[in-house]
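Q: Starting from the known structure of chain A, fit chain B onto it as the hints suggest.
Here is how the chains run, residue by residue.
2 protein chains.
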Amino acid sequence: MKEKNSVGIVKSKNFICKNPLKLDSGVLLNEFELTYETYGKLNAKHDNAVLVCHALSGNHHLAGRYSSSDKYPGWWDSLIGPNKPLDTNKFFVIGVNNLGGSHGSTGPKSINPKTKKPWGSTFPIITIQDWINSQNELINHLGISKLSGVLGGSLGGMQAVQWSIQYPEKVKNAIVIAAAPNLTAQNIAFNEVARQAIVTDTSFNKGDYYKLGVTPKMGLRIARMLGHITYLSDDVMGQKFGRKIKNTEYQYNLDTEFEIESYLNYQGDKFANEFDANTYIRMTKALDYFDPTNGNKRKLSSVFKEIQSEFLIISFTSDWRFSPKRSKEIVKALLDNNIKVSYAEITATSGHDAFLMSDDRYHNILRSYFKRMLGVK
Amino acid sequence: MKEKNSVGIVKSKNFICKNPLKLDSGVLLNEFELTYETYGKLNAKHDNAVLVCHALSGNHHLAGRYSSSDKYPGWWDSLIGPNKPLDTNKFFVIGVNNLGGSHGSTGPKSINPKTKKPWGSTFPIITIQDWINSQNELINHLGISKLSGVLGGSLGGMQAVQWSIQYPEKVKNAIVIAAAPNLTAQNIAFNEVARQAIVTDTSFNKGDYYKLGVTPKMGLRIARMLGHITYLSDDVMGQKFGRKIKNTEYQYNLDTEFEIESYLNYQGDKFANEFDANTYIRMTKALDYFDPTNGNKRKLSSVFKEIQSEFLIISFTSDWRFSPKRSKEIVKALLDNNIKVSYAEITATSGHDAFLMSDDRYHNILRSYFKRMLGVK
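Just so you know, the protein sequences line up as chains A and B, in that order. Each residue of the first sequence is one higher than the last, beginning at 0 in our numbering. Each residue of the second sequence is one higher than the last, beginning at 0 in our numbering.
Chain A extracted, bound-state conformation (with noise of 0.2 Å):
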């Protein structure tokens, strides 16, 4: 039975860029791949291109089904597919795995050239301005000069910001959902307290486990159960777990007696048996990074004077992570510079994760935006 609204099955891509990338941190790469995924077709035109930038843990396969026994579709099939809000009937949408990934891109665990060993600890820091140019890159080989829109949810988001003052001519829309300026004290906080969870892990070895067969299992499931309550709204979490326990009564021991409890254990085995801990280490690095005001050195408004894009700007009410404060600084610098945006604070009790559920206004809102993007009423 074919899926409803589905791109169906899909097949990943890989780009590989001859072209060196210079990185913020000095470092200068010969070369690079990239792993994409399309969905949809370009227009004749080459504008119709929708970039979905991917978050912390996220990856290049948005929507569709690697094959019809797939368990789960790409991580925002919600949204993406014919007729779906951002329809693919209309628009040619790119995923991309970020440069350091885990996923297929080059990153800490691809083999380094030059050594014919995995990269481990020497894979450079990357930053979000090294991923916007490598993902110009990418653009530029489906040829495209002038992408329709680049979206992305919080880590997304930032890069979404970036694009358009990264590359100012070359992004018409810039939608940027659960996202924030730059990070707190109290994220860069949580950020870090992961990390040490997964370099203190004896199994880390300075980064360098591939070889020796082991991972910092131990360390990554902190992160991620860790992750996870940023994620969650204080709400939901009383909603969903309360204080409900696993058993009729009280246990008194050292297991799990709340069904919170096992559920941040489960979440987190299940990402320690997938993801790469270097990859969850420089995806971190790069959010603590990211401040296009430069420690302040210019205000956010004047960083915003060439920007060319129009913005849609969406918030949660509950997110903790990103609030809706933090969003509203970005529309402010955006209209103190009289560009076009659009800015939709959704009611909503899922906290941060609620950028990637399919409550109906929040996706209705997205649905409006794109279709004017097309100059379809």
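Hints are computed from structural coordinates only; laboratory data are not their basis. One or more of the hints may lead you astray.
Since the list gives no way to pick one copy over another, a pair counts as held whenever it fits inside one copy or between any two copies.
To be verified - Calculated cross-link-like contacts (lysine to any residue; reagent style SDA-like; alpha-carbon spacing at most 25 Å): (1) LYS304 x THR348; (2) LYS70 x GLU328; (3) LYS324 x HIS227; (4) LYS324 x VAL235; (5) LYS324 x THR348; (6) LYS331 x VAL235; (7) LYS169 x LEU373; (8) LYS243 x SER322; (9) LYS296 x GLY237; (10) LYS113 x ILE143; (11) LYS296 x LEU22; (12) LYS324 x ASP234; (13) LYS216 x VAL235; (14) LYS327 x ASP234; (15) LYS239 x SER322; (16) LYS216 x THR201; (17) LYS243 x VAL302; (18) LYS339 x SER202; (19) LYS327 x ASP233; (20) LYS108 x TRP74; (21) LYS70 x ASP46; (22) LYS216 x SER202; (23) LYS296 x GLY241; (24) LYS205 x ASP254.
A: Then chain B, alone, in the frame of chain A:
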């Protein structure tokens, strides 16, 4: 030079209780030891005693110093001393290290008299109810049949609440600061991440690490770093640390870049060198289990029916660990029973940690309440 309003040089005492203690877990402790300190003098009527209960990482050393060269005074020295808000010229103040602690009282690192080895993994889970029963033995030993007050912040505040429920005839006043009637799912979640960091540390050895000459420091430091995030508000972290970096520019490596990272790592290391991991686990478990409604089987106002104490409840606006909303749940349930309760919500930026600070408005409220307890205008 004599320190102003200090209780001066103090000494811990030990109380060995030979009365068996039946714990909530079903375990029977044939005897146990409590380490405690007292300040001021018990009056002739024995009616001026205030028991101060400690929080997660606290202990019995509330005020004064152990020697003139002692670098830091007790943890609540700002509050307790002659002419201080809790005036030791008037009150007999008792600090006690809780059962299961690592500061002298019987706990996981103590020698189990049966085996002549450290309890380690075999040390039972302790509940707040167990603590109250053990503290009651100490009070009896000191010749006090009724406490003028039980005072505590955070987990200490929960003990003050439980005292008034468990021994209604023995508590004249309960002073409950920055506490909650139970933990939310989010609170439990943070505790579980902390515990998992400890138990998955390869040095933990299921809790029997003493004999191996190692301690799960890496896990404990993660737990403490995480704890610190929840003790501070997002705002105060922003004010203190913001995005300040350690060097003049980004280093683009895995070292700590931001001052908030250094702060957390420092706090984590310090704590991991001082505190016992088995105790930390049991303190968080005691927090998780605390729930006078027993999983909502009874309403809080019904649980409070037999209470004879008067109450002072204090909360802090920026406390997101135990927010004012949670304190007001206690106030509401007290009012439902016509119990005398004073409630103060202090505007504070410091988050949960505000209860340890010496903000004037906060300390003046405590000073006034303690004066009222003595019948002094």
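Q: Reference check for the pair LYS243 and VAL302, CA-CA at most 25 Å: within, between, both, or neither?
A: Cα proximity of LYS243 and VAL302: across copies only (20 Å, versus 48 Å in one copy).
Q: Using 25 Å as the alpha carbon limit, work out where LYS70 and ASP46 are close: within a copy, between copies, both or neither.
A: neither (33 Å within a copy, 69 Å between copies)
Q: Are the CA atoms of LYS304 and THR348 at most 25 Å apart within a copy, between copies, both, or neither?
A: neither (35 Å within a copy, 34 Å between copies)
Q: Up to 25 Å between alpha-carbons, please classify LYS108 paired with TRP74: within, between, both or neither.
A: within (23 Å within a copy, 48 Å between copies)
Q: With 25 Å as the alpha-carbon cut-off, assign the pair LYS296 and GLY237 to within, between, both or neither.
A: between (41 Å within a copy, 17 Å between copies)
Q: Using 25 Å as the alpha-carbon threshold, which applies to LYS296 and GLY241: within, between, both, or neither?
A: Result: close only across copies, 14 Å inter versus 44 Å intra.
Q: Given a CA cutoff of 25 Å, do LYS327 and ASP234 count as a within-copy pair, a between-copy pair, both, or neither?
A: both (23 Å within a copy, 17 Å between copies)
Q: Within a copy, between copies, both or neither: where do LYS339 and SER202 come within 25 Å Cα-Cα?
A: neither (50 Å within a copy, 57 Å between copies)
Q: Within a copy, between copies, both or neither: which one fits LYS70 and GLU328 at a CA-CA cutoff of 25 Å?
A: For LYS70 and GLU328, neither the intra-copy (40 Å) nor the inter-copy (44 Å) Cα distance is at most 25 Å.
Q: Checking LYS239 and SER322: alpha-carbon separation at most 25 Å within a copy, between copies, both or neither?
A: both (21 Å within a copy, 20 Å between copies)
Q: Up to 25 Å between alpha-carbons, please classify LYS324 paired with HIS227: within, between, both or neither.
A: both (21 Å within a copy, 24 Å between copies)
Q: Indicate which option fits the pair LYS296, LEU22 if close means a Cα-Cα distance not exceeding 25 Å: within, between, both or neither.
A: Within one copy only: 21 Å inside a chain, 59 Å across chains, cut-off 25 Å.
When the structure is compared with the earlier hints, violations turn up for hints 1, 2, 10, 13, 18, 21 and for no others.
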